[in-house]
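Spelled out from the first residue to the last, the chains are:
Protein chains: 2
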Amino acid sequence: MNILVTGGAGFLGARLIEALLSPDAHDLLPPGGRIVSADLAACPIIDPRVESRTGDIADPAFLASLIDADTHLIYHLAAIVSGQAEADFDLGLRINFDATRALLEHCRQAGRAPRFIFASSLAVFGGPLPEQVPESLSPLPQSSYGAQKAMAELLINDYSRKGFVDARVCRLPTISVRPGKPNAAASSFASGILREPLAGQASNCPVPLDTRLWLSSPGTVIANLIHAARLEAEALGQRRTLNLPGISVRVSEMLDSLARVGGEAARQRVSHEPDERIQRIVCSWPGDFDITRSRELGFTADQDFDAVIRAHQRDMSR
Amino acid sequence: MNILVTGGAGFLGARLIEALLSPDAHDLLPPGGRIVSADLAACPIIDPRVESRTGDIADPAFLASLIDADTHLIYHLAAIVSGQAEADFDLGLRINFDATRALLEHCRQAGRAPRFIFASSLAVFGGPLPEQVPESLSPLPQSSYGAQKAMAELLINDYSRKGFVDARVCRLPTISVRPGKPNAAASSFASGILREPLAGQASNCPVPLDTRLWLSSPGTVIANLIHAARLEAEALGQRRTLNLPGISVRVSEMLDSLARVGGEAARQRVSHEPDERIQRIVCSWPGDFDITRSRELGFTADQDFDAVIRAHQRDMSR
Numbered sequence: 358m359n360i361l362v363t364g365g366a367g368f369l370g371a372r373l374i375e376a377l378l379s380p381d382a383h384d385l386l387p388p389g390g391r392i393v394s395a396d397l398a399a400c401p402i403i404d405p406r407v408e409s410r411t412g413d414i415a416d417p418a419f420l421a422s423l424i425d426a427d428t429h430l431i432y433h434l435a436a437i438v439s440g441q442a443e444a445d446f447d448l449g450l451r452i453n454f455d456a457t458r459a460l461l462e463h464c465r466q467a468g469r470a471p472r473f474i475f476a477s478s479l480a481v482f483g484g485p486l487p488e489q490v491p492e493s494l495s496p497l498p499q500s501s502y503g504a505q506k507a508m509a510e511l512l513i514n515d516y517s518r519k520g521f522v523d524a525r526v527c528r529l530p531t532i533s534v535r536p537g538k539p540n541a542a543a544s545s546f547a548s549g550i551l552r553e554p555l556a557g558q559a560s561n562c563p564v565p566l567d568t569r570l571w572l573s574s575p576g577t578v579i580a581n582l583i584h585a586a587r588l589e590a591e592a593l594g595q596r597r598t599l600n601l602p603g604i605s606v607r608v609s610e611m612l613d614s615l616a617r618v619g620g621e622a623a624r625q626r627v628s629h630e631p632d633e634r635i636q637r638i639v640c641s642w643p644g645d646f647d648i649t650r651s652r653e654l655g656f657t658a659d660q661d662f663d664a665v666i667r668a669h670q671r672d673m674s675r
Numbered sequence: 358m359n360i361l362v363t364g365g366a367g368f369l370g371a372r373l374i375e376a377l378l379s380p381d382a383h384d385l386l387p388p389g390g391r392i393v394s395a396d397l398a399a400c401p402i403i404d405p406r407v408e409s410r411t412g413d414i415a416d417p418a419f420l421a422s423l424i425d426a427d428t429h430l431i432y433h434l435a436a437i438v439s440g441q442a443e444a445d446f447d448l449g450l451r452i453n454f455d456a457t458r459a460l461l462e463h464c465r466q467a468g469r470a471p472r473f474i475f476a477s478s479l480a481v482f483g484g485p486l487p488e489q490v491p492e493s494l495s496p497l498p499q500s501s502y503g504a505q506k507a508m509a510e511l512l513i514n515d516y517s518r519k520g521f522v523d524a525r526v527c528r529l530p531t532i533s534v535r536p537g538k539p540n541a542a543a544s545s546f547a548s549g550i551l552r553e554p555l556a557g558q559a560s561n562c563p564v565p566l567d568t569r570l571w572l573s574s575p576g577t578v579i580a581n582l583i584h585a586a587r588l589e590a591e592a593l594g595q596r597r598t599l600n601l602p603g604i605s606v607r608v609s610e611m612l613d614s615l616a617r618v619g620g621e622a623a624r625q626r627v628s629h630e631p632d633e634r635i636q637r638i639v640c641s642w643p644g645d646f647d648i649t650r651s652r653e654l655g656f657t658a659d660q661d662f663d664a665v666i667r668a669h670q671r672d673m674s675r
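These protein sequence lines map, in sequence, to chains A and B. Heads up: take any position in the first sequence, counting from 1, add 357, and you land on this note's numbering. Heads up: take any position in the second sequence, counting from 1, add 357, and you land on this note's numbering.
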């Protein structure tokens, strides 16, 4: 009974592995079970049940070594983020689509139809958008990242329909507050404008203050990814792609929360220099979703953005 | 000024080439221009302006030989049909997706951003469907053919957004009445139950008589494919995928038309033996669409199904 986590050295992957190792998750990782982390870097979680494998998931030999007949659950988180995939079209396609396809094909060959949980993104949406995105809205990506994720979603759904895997595709909200350093994601600022000021550093907001974002804290995203693995296939039926719950918050409201929870001095550390490249991607994304279905299926959202900042502060003081 | 037609030996491709050769299409094929037909078989249209190339579009060397800096318009019609793609998953993926991707990549390398017209299909839709499919409905394919077409649509849209091609993705209705023999498409019966009885032969209807189909005659589809090449990019904006007009007709109404136009004896040649494999695919498809946008863009539909049958009779007597 093994679990594979691609992107296991990343912030989200490592935190997911921690959660899978906790006693609460013994149904997913029973005694004797093992977690394989696959990433370019070593998994930071040191535990006898975690096997850290370093390599490029676009490398067929590396990928082939990750899955065997004991792999019953796969979290596929590894990806080229939005800003980088826009700048390097070929790299994005190779990792975000081709590697996903190769992983699915190995699952098919292993013949065990593992649960296959894919981290997709609200970036599949774009173009003219309704106020609130319904369950049935067609993806219309305005970035190569979004297009590659949407293509992977379709392929995963078809592999699932054919019985090669048992899929749950989770379209994640923008995650805030991510710890660590800024990254090449176009949404990097959605963490930076909180994280840096709270740590006494300056940060810039590159989008208009009335931009509405669809957000989730890291803890809520992890809880939802764990929940996805526990859902029975019958509850999902043909529709294996889910818009995960989030909260709809304007950037100005995020900064108000920062002042309330982190103090006015922290708020003053945020500058506001527009960046057209980032705006073009981020402002094409929806800021609100109808989440009736994912709520009914038991997925959760944060209470409000003040709670999100407090959760970050708790994480930092651990 | 060259035009490439993949699938140029097929029924639709050959008829499209005929239309492109006519004086009405001199704006698309100016004097000195040439049409390259690429298919497994030779193009049946004999004309000094048509160069018939036979080969497998999944073969990189063959594909590379089809496009050059003079190629300003591409019709990509070659595909593995629905029934065959469902039976042979790998072949469907290789032709319907991988070959499309390779073709796009050659366009990118040639650097001319040709108009790229892709024959997609209503088979991208499935699952729970509204009475009438709106422009914004998400694909939810219930066949590998539909999934592969939907993936190709996304990739084409992204290549177009990046400026590598200038795309128009046409989701074709089910075509009726196709001439010739039954094929491996799940929708083959939608022509067979007219064509065979009108030629004095028996035919079987494998789906319930109240099944609603979204139909277009071959002549109307060809006119719409030609129109797609003439549309200016500005008229399409970000949304390069179009649900082409059709008429919404129940199978029972098709058979009533057959009796009216072809006579009661023709109607009596149609038997009704259900086929679960065909039903599973065909009955997952929508039978009606909101076509406000494609109508506004100048695409057309047949008047009614009696007119569709009469058009077939005219074609047969040419």
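FYI, nobody ran anything at the bench for these hints, they're computed from the structure. Check the hints yourself; a few may be wrong.
Treat identical chains as interchangeable: a pair holds within one or across any two.
[Stated by the list, open to error] Here are the simulated SDA-like pairs of lysine to any residue, each with C-alpha atoms no more than 25 Å apart in a straight line:
#1 Lys519 <-> Glu492
#2 Lys538 <-> Phe419
#3 Lys538 <-> Val618
#4 Lys519 <-> Phe446
#5 Lys519 <-> Arg458
#6 Lys519 <-> Pro631
#7 Lys538 <-> Ala586
#8 Lys519 <-> Leu369
#9 Lys519 <-> Leu397
#10 Lys519 <-> Cys640
#11 Lys519 <-> Asp632
Here's how the hints hold up against the structure:
| no. | hint | in the structure |
| --- | --- | --- |
| 1 | Lys519 <-> Glu492 | within (23 Å within a copy, 28 Å between copies) |
| 2 | Lys538 <-> Phe419 | neither (28 Å within a copy, 47 Å between copies) |
| 3 | Lys538 <-> Val618 | within (21 Å within a copy, 72 Å between copies) |
| 4 | Lys519 <-> Phe446 | between (30 Å within a copy, 9 Å between copies) |
| 5 | Lys519 <-> Arg458 | both (14 Å within a copy, 23 Å between copies) |
| 6 | Lys519 <-> Pro631 | between (46 Å within a copy, 23 Å between copies) |
| 7 | Lys538 <-> Ala586 | neither (29 Å within a copy, 48 Å between copies) |
| 8 | Lys519 <-> Leu369 | neither (29 Å within a copy, 30 Å between copies) |
| 9 | Lys519 <-> Leu397 | neither (31 Å within a copy, 29 Å between copies) |
| 10 | Lys519 <-> Cys640 | between (36 Å within a copy, 18 Å between copies) |
| 11 | Lys519 <-> Asp632 | between (44 Å within a copy, 19 Å between copies) |
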